[in-house]
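Trainee: Residue 45 is where the sequence shown starts when you use the numbering used here, and the numbers rise one by one after that.
Since the hints were derived computationally from the structure, they do not count as laboratory data. Note that the coordinates shown come from a computational prediction; the quantities given were computed from them, not determined experimentally. Be aware that a few hints might be false.
[Unchecked claim] Here are the computed distance ranges between Cβ atoms for each label pair:
| # | residue 1 | residue 2 | range |
| --- | --- | --- | --- |
| 1 | 326 | 73 | 17 to 25 Å |
| 2 | 253 | 105 | 24 to 32 Å |
| 3 | 315 | 147 | 19 to 27 Å |
| 4 | 313 | 192 | 21 to 29 Å |
| 5 | 200 | 72 | 41 to 49 Å |
Glycine residues also receive a C-beta, built at the ideal position from the N, C-alpha and C atoms.
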Amino acid sequence: MPRHLLYFIALGLFWGLSPSLYRAMGEEHVPITHVIAYSGTGVGLALVAVGLLSGGRVDTSRQMILYGLGCSVLMNVPFGLGLIYARHVPTTELALIMSTAPFFNYAVALITGREDAAPRRLLAVALGFLASALLIVTRQGTLTGHLSWWMVAAFSSPILYCAYNTFSARFWPRGADTLSIGAWESIWAAVLMIPFLLFVQPPWGPDVPHLLAYWSVLVATVMWIVERIAYFTLIRDKGAVYTVQAVYLATPAAVIFAAIFYGGGSDGWIWVSLAILMGALYLNNSGSTKPRTA
Numbered sequence: 045m046p047r048h049l050l051y052f053i054a055l056g057l058f059w060g061l062s063p064s065l066y067r068a069m070g071e072e073h074v075p076i077t078h079v080i081a082y083s084g085t086g087v088g089l090a091l092v093a094v095g096l097l098s099g100g101r102v103d104t105s106r107q108m109i110l111y112g113l114g115c116s117v118l119m120n121v122p123f124g125l126g127l128i129y130a131r132h133v134p135t136t137e138l139a140l141i142m143s144t145a146p147f148f149n150y151a152v153a154l155i156t157g158r159e160d161a162a163p164r165r166l167l168a169v170a171l172g173f174l175a176s177a178l179l180i181v182t183r184q185g186t187l188t189g190h191l192s193w194w195m196v197a198a199f200s201s202p203i204l205y206c207a208y209n210t211f212s213a214r215f216w217p218r219g220a221d222t223l224s225i226g227a228w229e230s231i232w233a234a235v236l237m238i239p240f241l242l243f244v245q246p247p248w249g250p251d252v253p254h255l256l257a258y259w260s261v262l263v264a265t266v267m268w269i270v271e272r273i274a275y276f277t278l279i280r281d282k283g284a285v286y287t288v289q290a291v292y293l294a295t296p297a298a299v300i301f302a303a304i305f306y307g308g309g310s311d312g313w314i315w316v317s318l319a320i321l322m323g324a325l326y327l328n329n330s331g332s333t334k335p336r337t338a
């Protein structure tokens, strides 16, 4: 199995597990500022340690630091909003909304000339969306006709993530390694959130949950260490359009994980959706998928 396909599958599974973790954080009343600051610190330090233990070093060049800052700013906004939306929008509806991300990324790539209108890629995007849409449509009670303002607002997430993915691919520093980039992005995420943590939701405040409530943040931190490596490797080697299609794997994964942790069963439509998804993954990983550089 190609190495990039393994990264792609891992990324999709991690993104699929994230909504369940977000829900757990909400149920434990963990402040969002704490989630970003603590996980950013943990992921950043872990990636630094991995880099040093593997015989490398952390790139401290000005370009790397500024790139990490840009990634952090563009990532923190949709990430923080996603944590809020996960506390108000059902997991399945939120997964469908996030599955529109490849359309935004592909549109931007076509407009900027970084991608060609390749039939294989277009078909992969269409099949991926079909797999996600079929899964959501067949969930009992998910299409009730009730449209909340939270659900409308949630569409800002894939659009904002499009800016983040595009920036990550477009301004990748020449010769940069994924560990250094992941470390700087995560460290900046924590640093930028510290003022909000101290003055808005301080750790010593009366509404802070007990220490054991942070188990979901610890699990997410460990998971995101691998996720950051997979994400930046795919961004560097394959580009934003290819990488973001991992949400198509994340959508059915999100439903399955939600059923495992919060109840509910699976049915034949899940497997039909997964079968269509395999076709999308094949098209996405076969043929030429290298983004244009001009």
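Trainee: Tell me, which hint numbers fail for this structure?
Mentor: Failing hints, ascending: 1, 2, 5.
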